[in-house]
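Work out the full structure: start from the sequences and follow the hints.
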Amino acid sequence: MTSGDPVQPPRRVDRAGLVIAALLAGLAVVLVWDARGLPSTAMYGMGPEAMPVVVASGLALLAIGNFIDALRGNLPVRESSDPVPVVLILIGLALLIAIIGFGGGFILATSALFVTTSAAFGRRAILVDSIIALVMSTLIYLAFDRLLTLSLPAGPLERLL
Amino acid sequence: MDTFAALAHGMAVAVQPMNLLYALIGVFLGTAVGVLPGIGPALTVALLLPVTYKLDPGGSLIMFAGIYYGGMYGGSTTAILINTPGESASMATALEGNKMAKAGRGGPALATSAIGSFVAGTIATIGLAFLAPWLVDFAVRFGPEDYFALMCVAFVTVSATFGDSPVRGLTSLFIGLTLGLVGIDKLTGQARLAFGVPELLDGVEVTTLAVGLFAVGEALYVASRRHHTEEKLEPVRGSLWMTKEDWKRSWKPWLRGTMFGFPIGALPAGGAEIPTFLSYSTEKRLTKHPEEFGKGAIEGVAGPEAANNASAAGTLVPLLTLGLPTSATAAMMLAGFQQYGLNPGPLLFAERPDLVWGLIASLFIANMMLLVLNLPLVGLWVRLLAIPQPWLYAGILVFATMGTIAAKPSVVELSMLAGFGVLGFLMRRFDFPIAPVVVGLILGPIAESQLRRALAISLGDPMALLQSPISATLLGVALIALLAPFVLKGLGRFKANED
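As they're listed, the protein sequences go chains A and B. Each residue of the first sequence is one higher than the one before, counting from 1 in the numbering used here. Each residue of the second sequence is one higher than the one before, counting from 1001 in the numbering used here.
What the hints contain is simulated information worked out from the structure, not anything from laboratory work. Just so you know, not all the hints are guaranteed correct.
[Stated by the list, open to error] One side of the interface only, derived from the structure: several residues of chain B facing chain A at Cβ under 8 Å: (1) L1170; (2) F1174; (3) Q1190; (4) F1430.
Predicted, not measured: the structure shown is a model, and the values here were computed from it. Ideal placement from N, C-alpha and C gives every residue a C-beta, glycine not left out.
Shown next, in the form of structure tokens:
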């Protein structure tokens, strides 16, 4: 990525940069709010509430710095971005979390993630990918659960093995 | 000399058959995962951390060393053959190496990078073996205020001094520091930023953060801009071996690259990017074949690759002697130590010399194994590159989430992984560096407890930080390193106006 090219079209305010600055400022507020609930117990020196305040001050300063950069349009040039695959992968992650959360087991959960990610990268053969995913995650489950004795969550499929 | 005795003792540990096996598994896994495009050594270590969960500390640290060095070798193969450097330190290699591969000289490019990595890795590991005891002698005199000051130096150099934008680098660092605050405060038992969620009381897991930022974030980022890039795998054509001319043109860049890489890596200056680019520009200036640069000059592969590996060994100096990680990969190594309740530093050298010196000795062995493994087996690694992208990233995500599922199969932990993935995606999109977040999460709590210890000893007098000469000097260095990029930028602007 190239930036700082002097012959750019007139710089404009970067909206995303403003949002970043606002988020940093918000984070600083949360830190201070959380630290205020802590009792100051230290006899000497710093209590547990001191460091969050220090970090919050840093974040506040950086929010100002990012704000100035955004106003000047100093952020690096961004290429266009396709939101569809990102959303697909996030759906896959949400499915994985839901299946693990409701006791569906490791194999079903990771298979769901595999198929959605593969679709996000342009594959349309969902049936083939599902079979590959099921076989692969079963093998991983057997290797790690039985050989390395790592405990992976079990669901209906795992209990059949 | 002491070092020789210690090193010989370490060798005796490292050549035990079980440890040799661990080293072999490590270099094999490290190369295999490191070869996959988009996966650098830091992520390689992060992905493989859960796998080593149940092994004994000695063996698994030896395995880490293998994974670390293997990941570096694998990364350069990818950089040369498909021009997608898994990390910024391989960028210089990709510059010339990919051109060489396109011109049908992929074999010699791979060979010079493998042999150069071996030469640099070996020299730098010798440097590590001799520098480490000396630094340890120095570091035992450090008080808590000196450690705090040292960490301030690391914070500033890792995030501000050498990045593109000090503001964005520091922003990354402070996000990491914020995450480091989450959980129960070790000194008073108060919960901070836990918001009543019991899983947050233990704090943020380093592996969850690293895997989320690196693996999930990278997958999201690559998916979002899939329509931009067409990756092309260059087949390895012609001879694998270097000609006499290639050797003659390679050995000096190897040595010069090592001279750049090791000292810069050993300083808490953060990362391998600086030495690789210094080496690249030096070779470009010194070469007798300037016309080849930009079209596939072998010096441009040999030098940066050597610098990259030497600095990797260099970052182990502050990591082992001071417990100070200065790169994302070193941070992951530190997480590996912490997994076993081990804290690198002067004490570890005194308490577990077998472990530390066994690790250092196994670095030599890992390096040797990699040279033997890499050249003849390059065909195998190249085949890994031919995995179709959808399956590759789907597999990476499955493996990435598996680590978290195995360690903590809770909805909260997995949601954090996904959240860090989104954070990693956004940081890549808006060009914020990732490594400072990981370093901030690991070093933040340590820096805080050192500072609080120092202030408790001095009965709350903050002047204690300036009364120790070591601490005062280091804080001065940190301040200069913090202000330098802003001042230089101002000067640059002034100059530009004058033109």
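Using 8 Å as the Cβ threshold, decide whether F1174/B counts as touching chain A.
holds (5 Å)
Next item in the hint list is F1430/B. Is there a CB on chain A closer than 8 Å to its CB?
Where the cut-off is 8 Å and the nearest Cβ of chain A is about 7 Å from F1430/B, the hint holds.
Quick check on L1170/B please, does its C-beta sit within 8 Å of some C-beta on chain A?
Interface hint status for L1170/B: holds (6 Å vs cutoff 8 Å).
Hold the hint about Q1190/B up to the distance rule: shortest CB distance to chain A must be less than 8 Å.
Holds. Min distance 5 Å.
Violated hints for the displayed structure: none, as all numbered hints are satisfied.
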